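Given the structure of chain E, go ahead and fit chain C onto it with the hints provided.
Number of protein chains: 2
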Amino acid sequence: MINIRPMQDSDWKGVWQIIEPVFRQGETYPIFTDITEQGAYAYWVTHPSKTYVAVNESGTIMGSYYLKPNQTGPAAHVCNCGYIVGEDCQGKGIAKQMCQHSQDEAVKDGFLAMQYNLVISTNKVAVRLWQSQGFKLIGTLPGAFKHPRLGFVDAHIMYKKLQSH
Amino acid sequence: MINIRPMQDSDWKGVWQIIEPVFRQGETYPIFTDITEQGAYAYWVTHPSKTYVAVNESGTIMGSYYLKPNQTGPAAHVCNCGYIVGEDCQGKGIAKQMCQHSQDEAVKDGFLAMQYNLVISTNKVAVRLWQSQGFKLIGTLPGAFKHPRLGFVDAHIMYKKLQSH
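Each protein sequence line maps, in turn, to chains E and C. Our numbering puts the first residue of the first sequence at 157, with every later residue one more than the last. Our numbering puts the first residue of the second sequence at 157, with every later residue one more than the last.
Simulated from the structure, these hints should not be mistaken for laboratory data. Computed from a prediction, not measured in an experiment: that's the story for all the values here.
Copies of the same chain look alike in the list, so a pair counts if it works inside one copy or between any two.
Here are the computed lysine to any residue pairs in the SDA-like style, where the Cα-Cα straight-line distance is at most 20 Å: (1) Lys316 to Gly295; (2) Lys292 to Phe308; (3) Lys302 to Gln227; (4) Lys224 to Gly299; (5) Lys248 to Ser288; (6) Lys224 to Tyr199; (7) Lys248 to Lys280; (8) Lys317 to Thr296; (9) Lys292 to Asp310; (10) Lys302 to Thr189; (11) Lys280 to Arg305; (12) Lys316 to Thr296; (13) Lys224 to Asp165; (14) Lys169 to Gly195; (15) Lys302 to Thr228; (16) Lys302 to Lys316; (17) Lys292 to Ser277; (18) Lys317 to Gly295; (19) Lys264 to Lys317; (20) Lys224 to Lys302; (21) Lys317 to Asp260; (22) Lys302 to His321; (23) Lys302 to Asp265; (24) Lys206 to Leu318; (25) Lys317 to Ile294; (26) Lys302 to Leu318; (27) Lys316 to Ser277; (28) Lys317 to Pro225; (29) Lys264 to Gly299; (30) Lys224 to His203.
Same shape as in the complex, but just chain E:
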């Protein structure tokens, strides 16, 4: 059983443990791979509106996601999320549960749509998962991401209307 709840200050150590390897690897997020812990905290916790953690029955952090408006003003009704599942916690459906949770939270917060700005094309598991959750592949940016092993790869923009508007 996974419980998803707002991140508390005391969770950061556990969150950093699972997001640091992903940031260092540099295959999925538009972040410098030498980002400091402080910089990662700003990116994952300070700048977004909200950050959540997915914990198992013993309270261990298995995943985390952030939620924020993707733009301001006349485009502030579209939100953006980033999700990370711990390397040892893959294949348990945690990303899917976080995605569903984030949509519920976004609707509660009045967002009308959710946008992923840069889904790396080589991250096929993510592309398939978001599509299964109703996200549409809006378009593909050619060579928009420099993969550490594969070089320049394409990135997708994905989008889902959460409420009619």
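Below, chain C without anything else, positioned relative to chain E:
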């Protein structure tokens, strides 16, 4: 004759005169229409890497644009620009000249591509202009922008490779 050059501190008053009406109108930029002058300065000058002005022969500011990386890290080779032409200076090809200038500057700065994240679909002059400059319409975000008169309208993502990669 239009000259395009880096913005100087003393240019801000003239830049604000042309960008304020556009921001207040709220039809093209994802900015709150009640943005303060200070907020607009941060958006147009502080946050971007560079800001330019287009001036006529008597030194009057006719237009302005900013240039910045669209993302960081493995996506930092894609830049983003925003262009505004003064209301009384439309139809003189200034936006086209600024777009061409920005591509040259972007290449000089090592960027490999340029992305527009939110080209409002009702801004048909802009869509046509960017297409004529070689930008591809990558995809369309349904209802991603709340137009002050037309309600929710679509927004396009446009993209151009500036150098092969």
